[in-house]
Amino acid sequence: MNQTIQIALIPLLPLAGFVLLSFFGKKYFGKNSGLIGTAFLLASFILSLFTAYKYFSASVDGHYSSAIALKYTWLVFSDKLSIDMGLYLDSISMMMIVVVTLVSLMVHIYSLGYMKGEERFSAYYANLGLFTFSMLGLVLSSNIFQIYFFWELVGVSSYLLIGFYYDKPSAVAASKKAFIVTRFADLGFLIGILILSYSAGSLDFNTMIHNLTSPESSELKTAVSTTFLSVSAVTWGGLLVFMGGAGKSAMFPLHIWLPDAMEGPTPVSALIHAATMVVAGVYLVARLFPIFSLTTPIVLEVVSWVGAVSAIIAAIIACTQTDIKRVLAYSTMSQIGFMMFALGVSKYGGEAGLGFTASMFHLFTHALFKALLFLGAGAVIHYVHSNEIKDMGGLRKSMPITHITFLIACLAIAGFPFLAGFFSKEEILLAAYHNSPAIYWIALFTSALTAFYMFRLYFSIFWNKEHTTHEKHHGEGPFVMMLPLIILAVGAIFAGYIPFGKYVSADGAPLASHFKISFSILPVALGLSGIAIAWIMYKKQNGLSDKVAASFNGFYKTAYNKFYIDEIYLFITKKIIFNLIGKPAAWFDKNIVDGIMNFTGNTTEWVSEKIKIVQSGKVQQYAIYFLVAAVVIAAAFIYILK
Amino acid sequence: MNLLLIIIIPFLTILFVLFSKTKEQVRWVSLVGSVTQLCISFTLLFLFNQERAAGNSVQMLFESNYKLFNSPNVNFHFGVDGISVAMILLTSFVLTAGVLVSWNIGNKEDKGPGLTKEFYFQLLFLAFGAYGFFISLDLFILFFFLEISVIPKYLLIGVWGSGKKEYSANKLALMLMGGSALILVGILVLYFNAGHTFDIIQLSQMQFSSQIQKIVFPLIFIGFGVFTALFPFHTWVPDGHSSAPTAGSMFLAGISMKLGGYGCIRVATYLLPEGAKEYANIIIVLSTIGILYGAFVTMMQKDLKYLNAYSSVSHVGFTLLGIGMLTQTAITGAMIQMVSHGVMTALFFAVIGMIYQRTHTRQINEMGGLMKVMPFIMTSFFIVGFCSLGLPGLSGFVAEMTVFVGSWENNDAFHRIATIAACMSIVVTAVYILRTIDKVAMGPILNHEFLKITDVKWNEKFAVILLIGGILAIGLVPEWLTNLLRPAAEIIMNRIKGN
Numbered sequence: 001m002n003q004t005i006q007i008a009l010i011p012l013l014p015l016a017g018f019v020l021l022s023f024f025g026k027k028y029f030g031k032n033s034g035l036i037g038t039a040f041l042l043a044s045f046i047l048s049l050f051t052a053y054k055y056f057s058a059s060v061d062g063h064y065s066s067a068i069a070l071k072y073t074w075l076v077f078s079d080k081l082s083i084d085m086g087l088y089l090d091s092i093s094m095m096m097i098v099v100v101t102l103v104s105l106m107v108h109i110y111s112l113g114y115m116k117g118e119e120r121f122s123a124y125y126a127n128l129g130l131f132t133f134s135m136l137g138l139v140l141s142s143n144i145f146q147i148y149f150f151w152e153l154v155g156v157s158s159y160l161l162i163g164f165y166y167d168k169p170s171a172v173a174a175s176k177k178a179f180i181v182t183r184f185a186d187l188g189f190l191i192g193i194l195i196l197s198y199s200a201g202s203l204d205f206n207t208m209i210h211n212l213t214s215p216e217s218s219e220l221k222t223a224v225s226t227t228f229l230s231v232s233a234v235t236w237g238g239l240l241v242f243m244g245g246a247g248k249s250a251m252f253p254l255h256i257w258l259p260d261a262m263e264g265p266t267p268v269s270a271l272i273h274a275a276t277m278v279v280a281g282v283y284l285v286a287r288l289f290p291i292f293s294l295t296t297p298i299v300l301e302v303v304s305w306v307g308a309v310s311a312i313i314a315a316i317i318a319c320t321q322t323d324i325k326r327v328l329a330y331s332t333m334s335q336i337g338f339m340m341f342a343l344g345v346s347k348y349g350g351e352a353g354l355g356f357t358a359s360m361f362h363l364f365t366h367a368l369f370k371a372l373l374f375l376g377a378g379a380v381i382h383y384v385h386s387n388e389i390k391d392m393g394g395l396r397k398s399m400p401i402t403h404i405t406f407l408i409a410c411l412a413i414a415g416f417p418f419l420a421g422f423f424s425k426e427e428i429l430l431a432a433y434h435n436s437p438a439i440y441w442i443a444l445f446t447s448a449l450t451a452f453y454m455f456r457l458y459f460s461i462f463w464n465k466e467h468t469t470h471e472k473h474h475g476e477g478p479f480v481m482m483l484p485l486i487i488l489a490v491g492a493i494f495a496g497y498i499p500f501g502k503y504v505s506a507d508g509a510p511l512a513s514h515f516k517i518s519f520s521i522l523p524v525a526l527g528l529s530g531i532a533i534a535w536i537m538y539k540k541q542n543g544l545s546d547k548v549a550a551s552f553n554g555f556y557k558t559a560y561n562k563f564y565i566d567e568i569y570l571f572i573t574k575k576i577i578f579n580l581i582g583k584p585a586a587w588f589d590k591n592i593v594d595g596i597m598n599f600t601g602n603t604t605e606w607v608s609e610k611i612k613i614v615q616s617g618k619v620q621q622y623a624i625y626f627l628v629a630a631v632v633i634a635a636a637f638i639y640i641l642k
Numbered sequence: 001m002n003l004l005l006i007i008i009i010p011f012l013t014i015l016f017v018l019f020s021k022t023k024e025q026v027r028w029v030s031l032v033g034s035v036t037q038l039c040i041s042f043t044l045l046f047l048f049n050q051e052r053a054a055g056n057s058v059q060m061l062f063e064s065n066y067k068l069f070n071s072p073n074v075n076f077h078f079g080v081d082g083i084s085v086a087m088i089l090l091t092s093f094v095l096t097a098g099v100l101v102s103w104n105i106g107n108k109e110d111k112g113p114g115l116t117k118e119f120y121f122q123l124l125f126l127a128f129g130a131y132g133f134f135i136s137l138d139l140f141i142l143f144f145f146l147e148i149s150v151i152p153k154y155l156l157i158g159v160w161g162s163g164k165k166e167y168s169a170n171k172l173a174l175m176l177m178g179g180s181a182l183i184l185v186g187i188l189v190l191y192f193n194a195g196h197t198f199d200i201i202q203l204s205q206m207q208f209s210s211q212i213q214k215i216v217f218p219l220i221f222i223g224f225g226v227f228t229a230l231f232p233f234h235t236w237v238p239d240g241h242s243s244a245p246t247a248g249s250m251f252l253a254g255i256s257m258k259l260g261g262y263g264c265i266r267v268a269t270y271l272l273p274e275g276a277k278e279y280a281n282i283i284i285v286l287s288t289i290g291i292l293y294g295a296f297v298t299m300m301q302k303d304l305k306y307l308n309a310y311s312s313v314s315h316v317g318f319t320l321l322g323i324g325m326l327t328q329t330a331i332t333g334a335m336i337q338m339v340s341h342g343v344m345t346a347l348f349f350a351v352i353g354m355i356y357q358r359t360h361t362r363q364i365n366e367m368g369g370l371m372k373v374m375p376f377i378m379t380s381f382f383i384v385g386f387c388s389l390g391l392p393g394l395s396g397f398v399a400e401m402t403v404f405v406g407s408w409e410n411n412d413a414f415h416r417i418a419t420i421a422a423c424m425s426i427v428v429t430a431v432y433i434l435r436t437i438d439k440v441a442m443g444p445i446l447n448h449e450f451l452k453i454t455d456v457k458w459n460e461k462f463a464v465i466l467l468i469g470g471i472l473a474i475g476l477v478p479e480w481l482t483n484l485l486r487p488a489a490e491i492i493m494n495r496i497k498g499n
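One line per chain: the protein sequences are F and B, in this order. The first sequence begins at 1 in my numbering and counts up one residue at a time. The second sequence begins at 1 in my numbering and counts up one residue at a time.
Calculated directly from the structure, the hints in this document are not laboratory data. Nothing here was measured: the structure is a model prediction, and the numbers come from that model. Glycine is no exception: its CB is placed at the ideal position from the N, C-alpha and C atoms. Some clues are possibly wrong.
Chain F is faced by these chain B residues, among others (derived, beta-carbon under 10 Å) [what the hints assert, rightly or not]: (1) Met-206; (2) Ser-209; (3) Ile-212; (4) Lys-214; (5) Pro-232; (6) Asp-239; (7) Leu-389; (8) Phe-414; (9) Arg-435; (10) Glu-479.
Subject to a maximum C-alpha distance of 27 Å in a straight line, what follows is the list of computed DSSO-like cross-link-like pairs (lysine-lysine) [stated by the list, open to error]: (11) F:Lys-574 with B:Lys-302; (12) F:Lys-574 with F:Lys-116; (13) B:Lys-302 with F:Lys-26; (14) B:Lys-372 with B:Lys-452; (15) B:Lys-457 with F:Lys-27; (16) B:Lys-372 with F:Lys-31.
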């Protein structure tokens with residue numbers, strides 16, 4: 001098979017699934033819709049594995065170069081600027097297609113069981129196909145506007161899937177919130193694109209990166225010398241593009257949509273809000289990394305601090321939440337914060353480029369264990385019919401497979417030695433340690449918290465008090481739900497042994513592994529103590545957790561209420577935008593603009609009403625007008641001619 | 001291809017409608033006529049592209065010139081370039097869809113005045129005016145067709161309308177007539193200054209003194225601006241649209257507002273480039289206000305028709321913004337936006353009409369959960385809503401992005417700030433569209449009467465599919481449209497640059 005077609009099929013197969021299912025799904029396929037969607041995705045997954053394998057086995061001296069497999073000019077703006085739809089092959093896009101198709105395939109299989117009997121079963125699979133297509137299009141983009149194109153599409157498929165249970169008002173509200181918050185961030189992204197493309201004179205990544213990084217390029221000189229508020233144009237562009245990334249990746253302070261997005265079906269949360277879409281922001285920063293690191297270090301500084309602050313805030317909030325999916329959502333936000341600041345502390349190329357590799361590595365391992373956590377949580381929710389931790393407990397006996405796989409995922413995310421998360425997190429910490437000590441300490445504290453809240457969740461669900469209300473016999477879901485758990489658990493154990501630096505680095509050159517036992521002692525010890533504290537507090541039902549919460553009363557309450565960030569947003573939108581802009585504008589339009597129009601009309605009417613009397617139709621009256629007028633004119637003439 | 005065909009077919013259709021005996025006959029005659037016209041428009045597109053591909057780079061293709069009067073010097077001068085072809089195609093789409101959605105006028109369940117034949121007569125007459133307008137190259141004839149299209153609007157609203165229809169019809173007709181008066185004065189000044197000619201091609205070769213341009217440009221631009229809802233002359237839009245019958249709103253927003261945009265480009269900017277440069281900044285300020293202010297006002301609307309009317313004010317702002325930005329890309333974007341918004345808003349009004357027919361309310365707060373009872377209509381509502389908020393793959397995205405990129409080519413603070421302000425509307429649009437979809441389609445069913453509702457009928461289904469097809473054709477493969485419009489924009493830019 002022709003290689004271009006083969007790569008193009010990777011995103012196009014899920015699209016075909018979407019088109020097929022949305023037109024004919026309900027009528028003709030019914031319950032088989034799931035199998036059809038899964039079949040399309042399986043083909044896509046095999047193709048992307050094959051493509052990635054071919055790409056990674058074809059290095060020149062260990063270097064990987066980028067290539068554009070296909071380029072189709074979709075929309076011409078001007079001679080220089082056009083949106084080209086392309087397939088961009090480099091190490092990060094290859095890694096991403098594997099992640100996306102793998103997790104999506106797992107979710108497709110899992111949903112066969114989880115969503116069984118759902119009324120809009122085929123619509124669900126159609127939407128999953130649309131999402132997978134958009135996400136694959138996004139990661140394969142060769143043009144910054146192409147990314148924006150698919151960026152919006154993943155946004156809308158996320159909207160459709162969060163609001164899948166559309167007769168549930170909370171789900172509808174959550175989907176709306178997710179879309180609008182990310183749209184707001186995309187406004188920044190769009191303006192950033194405009195600035196960067198104008199400065200670089202191109203929308204294509206390759207040309208753009210070349211023009212904005214090579215020191216001799218004239219575009220770069222103009223772009224750096226043009227300033228606004230004493231910040232250069234490129235920096236503004238970079239910051240605004242990062243705003244888009246921060247919105248999609250739920251970074252502080254644009255994170256408020258992510259916890260609410262958990263209203264969607266749980267497999268969707270695993271796919272979109274844990275493993276793939278939310279890391280799009282990280283991917284975007286990685287995609288433009290040469291520009292950020294070589295031309296605009298300020299942007300990277302911002303990226304690293306936004307990442308670090310998000311990581312710690314989310315971890316603190318996660319410790320206080322009682323909804324299992326929300327804990328996982330905050331944990332996702334925190335882990336993406338890790339990826340972000342890893343990029344932020346990285347330099348371009350060489351040993352100092354460790355952060356870049358570490359970030360991508362963490363993205364990869366995180367996708368596996370976080371998807372596993374969500375799918376495990378889904379199995380639990382499927383069984384107990386509740387999201388609240390208090391309704392769970394002692395489930396290790398009735399759900400042995402879920403229990404073991406969930407434990408593996410918790411250990412992996414907590415950085416327990418020799419599981420996947422351990423390796424990637426160690427690399428991130430190492431990169432931070434060398435480049436930014438302040439962030440290193442934040443990260444260290446956050447990873448201890450991570451271990452704590454994950455095991456708080458684990459012990460509360462699977463240990464703690466027994467719940468007898470559940471019927472014992474059908475604890476585990478069907479085989480299709482267990483299979484993805486097992487596959488992902490295998491990934492969560494072994495993914496860390498991939499020599500990632502060999503394949504993925506900022507400049508394409510191989511990077512040796514940085515694993516050092518001496519460095520890892522402190523993080524591991526902190527992680528283990530986090531687990532131990534969770535064990536003491538939550539393994540058995542005791543009042544300890546309440547006591548601790550009470551002793552931190554004010555702070556606990558603030559964290560439990562997510563630092564009141566939602567309330568601040570609500571105040572701004574409801575009170576300020578609606579009441580201070582929307583309402584006055586509507587009033588102004590109705591009373592002033594339209595009022596003037598009506599006034600003109602009414603005045604005309606009034607004037608005609610008044611002068612109507614003159615047109616009486618009486619000849620005598622006209623004769624008088626005539627006479628008076630004649631006299632006046634005659635008088636005027638005489639006066640003038642005199 | 002003889003362009004007279006473009007106006008003869010609607011004219012013949014009108015005649016046949018007049019001689020039809022039954023309501024059913026009237027409907028089918030109108031449908032056959034409009035579908036024929038649609039086919040002819042596609043043929044025109046095809047032949048146009050063929051000529052261009054064969055290297056025929058004359059500005060206007062298929063020109064024909066018939067003498068009408070010697071004094072004043074008026075000719076039936078017809079000809080088309082890329083914009084005209086695109087607008088003719090748009091008109092055919094909206095006309096066919098409009099004929100289809102009006103199918104039940106005069107039926108038993110229709111509570112209006114009936115009068116099927118008269119209704120279709122007005123509708124076709126309006127389209128006849130629009131077609132004539134888009135092919136005219138003589139200002140007098142152009143003006144004639146512009147006026148022809150005003151009268152049916154007045155009657156459509158006044159007779160078949162709802163709510164405060166008399167007020168709306170009067171307001172619309174008076175404001176549009178006011179605009180026409182300004183245009184007429186402008187045209188006459190040009191006529192006498194150019195040595196007695198109304199011919200656009202001849203006029204475009206003259207250099208009017210900058211003093212004349214400065215006086216005439218605002219007359220003509222504001223005149224056409226009234227048609228295209230230039231802030232602050234947009235107030236006929238909400239009342240007019242909300243009172244008009246469904247097909248009337250579709251025509252009003254889909255085509256009538258485009259007559260204004262087309263006139264702003266073809267007459268004002270093309271003939272008076274100096275004037276355009278002089279007033280560009282004012283246009284930018286007004287259109288940016290229109291975009292943002294329109295969006296914020298839309299956010300507060302409670303009636304679906306008012307919602308789309310104000311949203312139209314906001315969206316046509318992009319057309320005017322693109323013109324004011326005076327770059328080739330921005331003007332291309334302005335033209336794409338005209339076509340895109342034409343199809344989109346026609347679909348929006350068609351869907352609103354279908355909702356209204358079934359729920360008997362247009363108040364957003366009184367609806368809820370309609371997705372359950374009319375999935376087809378609500379899916380179309382989704383698509384058109386997302387088109388409005390600029391989702392990639394649908395037409396709005398292509399148009400807005402082209403305007404934004406084109407606007408950004410102006411490298412100074414004023415233009416940049418205006419562009420950023422206009423960009424902000426994408427967020428506000430998302431807010432009001434999602435809020436509406438949320439209230440109308442989602443959630444539990446509010447009113448138990450709604451459970452009796454049935455989904456689309458065949459005629460409505462065809463209309464919706466036709467218009468969605470248009471949206472997708474622009475949104476997925478914009479190449480065909482930009483290839484039509486970019487050369488046309490280039491000619492205007494050459495005038496502005498002064499070659």
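Would the hint on Leu-389 (chain B) be counted as holding, given a Cβ-Cβ threshold of 10 Å to chain F? Hint on Leu-389 (chain B): holds, closest Cβ of chain F at ~8 Å, below 10 Å.
Proposed interface contact between Ile-212 (chain B) and chain F, which counts if any beta carbon pair is under 10 Å: With a minimum Cβ separation of about 28 Å from chain F (threshold 10 Å), the hint on Ile-212 (chain B) is violated.
Given a cut of 10 Å on the nearest C-beta pair, is the interface hint for Glu-479 (chain B) held or broken against chain F? holds (7 Å)
Pair hint Lys-574 (chain F) and Lys-116 (chain F), alpha-carbon separation not exceeding 27 Å: Violated, at about 39 Å.
Once the shortest beta carbon distance from Met-206 (chain B) to chain F is found, is it less than 10 Å? violated (29 Å)
Going by Cβ atoms only, is Pro-232 (chain B) closer than 10 Å to chain F? This hint holds: Pro-232 (chain B) lies near chain F, its Cβ roughly 5 Å from the closest one there, short of 10 Å.
Taking 27 Å as the top limit, are the C-alpha atoms of Lys-574 (chain F) and Lys-302 (chain B) close enough? holds (17 Å)
Holds or violated: Lys-302 (chain B) and Lys-26 (chain F), Cα atoms, limit 27 Å. Violated, at roughly 34 Å.
Evaluation of the interface hint that places Phe-414 (chain B) against chain F, nearest CB under 10 Å: Violated - the Cβ of Phe-414 (chain B) stays beyond 10 Å from chain F, reaching only about 13 Å at its closest.
What's the verdict on Lys-457 (chain B) and Lys-27 (chain F), does the C-alpha distance respect the 27 Å limit or exceed it? Measuring from Cα to Cα gives roughly 18 Å; hence the hint holds.
Restraint check for Lys-372 (chain B) with Lys-31 (chain F), where alpha carbons must lie at most 27 Å apart: Holds. Lys-372 (chain B) to Lys-31 (chain F) sits at ~20 Å (cutoff 27 Å).
So, Arg-435 (chain B) near chain F? Judge it on the closest CB pair being under 10 Å. At about 7 Å, which falls below the 10 Å cut-off, the nearest Cβ of chain F leaves the hint on Arg-435 (chain B) intact, so it holds.
When each numbered hint is compared with the structure, violations occur for hints 1, 2, 3, 4, 8, 12 and 13.
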